[in-house]
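Just so we're aligned, residue 1 is where the sequence shown starts under UniProt numbering, counting upward by one.
Please note that the accuracy of each hint is not assured.
[Unchecked claim] DSSO-like cross-link-like pairs, simulated, lysine-lysine; straight-line CA separation at most 30 Å: (1) Lys157 x Lys14; (2) Lys327 x Lys157; (3) Lys14 x Lys285.
Hint data in this document are derived by calculation from the structure and do not stem from the laboratory.
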Amino acid sequence: MTLIVLCLFQFEGKTSFGMSVFNLSNAIMGSGILGLSYAMSNTGIVLFLILLTCIAALSCYSVHLLLRSAGVVGIRAYEQLGMRAFGHPGKIVAAIIITLHNIGAMSSYLFIVKSELPLVIQAFLGQTSSSDDWFMNGNYLIIIVTVGIILPLALMKHLGKPLHLHSVQRAAVSSEHMYGQELFVHHITHSWTRGVYELPGKHSVTLLLDLQTAYTIPILAFAFVCHPEVLPIYTELSNPTKRRMQNIGNVSILGMFIMYFLTATFGYLTFYGNTEAELLHTYSKVDPLDTLILCVRLAVLVAVTLTVPVVLFPIRRALLQLLFPGKSFHWLRHIAIALCLLFVVNLLVILVPNIRDIFGITGATTAPSLIFILPGLFYIRIVPTDQEPMNSRPKIQVGSHLSLTQQQHS
Numbered sequence: 001m002t003l004i005v006l007c008l009f010q011f012e013g014k015t016s017f018g019m020s021v022f023n024l025s026n027a028i029m030g031s032g033i034l035g036l037s038y039a040m041s042n043t044g045i046v047l048f049l050i051l052l053t054c055i056a057a058l059s060c061y062s063v064h065l066l067l068r069s070a071g072v073v074g075i076r077a078y079e080q081l082g083m084r085a086f087g088h089p090g091k092i093v094a095a096i097i098i099t100l101h102n103i104g105a106m107s108s109y110l111f112i113v114k115s116e117l118p119l120v121i122q123a124f125l126g127q128t129s130s131s132d133d134w135f136m137n138g139n140y141l142i143i144i145v146t147v148g149i150i151l152p153l154a155l156m157k158h159l160g161k162p163l164h165l166h167s168v169q170r171a172a173v174s175s176e177h178m179y180g181q182e183l184f185v186h187h188i189t190h191s192w193t194r195g196v197y198e199l200p201g202k203h204s205v206t207l208l209l210d211l212q213t214a215y216t217i218p219i220l221a222f223a224f225v226c227h228p229e230v231l232p233i234y235t236e237l238s239n240p241t242k243r244r245m246q247n248i249g250n251v252s253i254l255g256m257f258i259m260y261f262l263t264a265t266f267g268y269l270t271f272y273g274n275t276e277a278e279l280l281h282t283y284s285k286v287d288p289l290d291t292l293i294l295c296v297r298l299a300v301l302v303a304v305t306l307t308v309p310v311v312l313f314p315i316r317r318a319l320l321q322l323l324f325p326g327k328s329f330h331w332l333r334h335i336a337i338a339l340c341l342l343f344v345v346n347l348l349v350i351l352v353p354n355i356r357d358i359f360g361i362t363g364a365t366t367a368p369s370l371i372f373i374l375p376g377l378f379y380i381r382i383v384p385t386d387q388e389p390m391n392s393r394p395k396i397q398v399g400s401h402l403s404l405t406q407q408q409h410s
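Based on the sequences and whatever the hints tell you, model everything.
Structural data, given as structure tokens:
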């Protein structure tokens, strides 16, 4: 998601309202959208809608807190707000949380490659079931993709314009969304899932509660992370004002709220209790050789594969600033950090059995920290007490906001 910062440097201070909404929407949308139907399958539509509304509302409020804090000190970088609020330790903590979250995002992208690439190869070979051949093993395939595609891009000194890929990623995920709608209509018209995908005892459309419901809030939080990108987009906005940027945040989050709800609903009402943690993989139950399914898989695979090096660059830059502050560029450090990061991420993807665990761990740790906890703490520490005392209404609201967040993720 940090690619937006790179893209906007060539439009310094001239980014329109609409383009800023587009950029922030790109920052919000990621692999988390593929887990929303699974989240709904564990809550039912009513509870899912309530939780989705709460997360979206808290996200908008956190954008307000970030903009308010940035307006007081004139800083428009997430880590620098940590520096201003808590000194050097605050900057380090913010950088570490952003880094860990991006590693989680990279892991989710590669897990999609691990689960979807074998199905693409299977479709090209005309097979309706998987085989034990090595080229159908997802663990081998992610290593091949990493070495053959991701690593060469990650070793470049600069990504450059050819890799401004978030529009491609958004188009791919949007195509998955439209594909879900089409399959849903097909389900209603022809009832092709009747007696095949419906599970007894877990068919309530309105409300469900079980042990898997605990994954819902982390998945939703993971799907709404965009806050480290808010201030860079604010910096590049034409006629920048807090109100204008807040409206951009509200419109972007509202748009993603609608898309998320529709995507989750179409996926859930198609498969009900058989919905898997990665929605696109669930569609393999329909027809593994379907051309439309194959096209969507290819689009998503291209998008997530090319997004991995985009996410890796800011992680490496943050690690270089933490471990080697003030050092000039050196190829050995540049290459070594890329190799270590890709090794760790590949190891995680190979060992983790389900993308649900990536969504759950990242969504329960770094995501709420970036969206809810840190913006509230920055606000309390940065806004002077002579402007807003600790017993003032805004800071009491922030305290309640933090308490609610802690309860939701405890």
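Evaluation of the provided hints:
Straight-line distance between C-alpha atoms of Lys157 and Lys14 comes to about 27 Å, which keeps the hinted pair within the 30 Å bound. Annotation: proposed proximity of Lys327 to Lys157 holds, straight-line Cα distance about 15 Å (limit 30 Å). A distance of roughly 47 Å separates the Cα atoms of Lys14 and Lys285; the hinted pair therefore is violated under the 30 Å criterion.
Hint 3 from the earlier list is the only one contradicted by this structure; the remaining hints agree with it.
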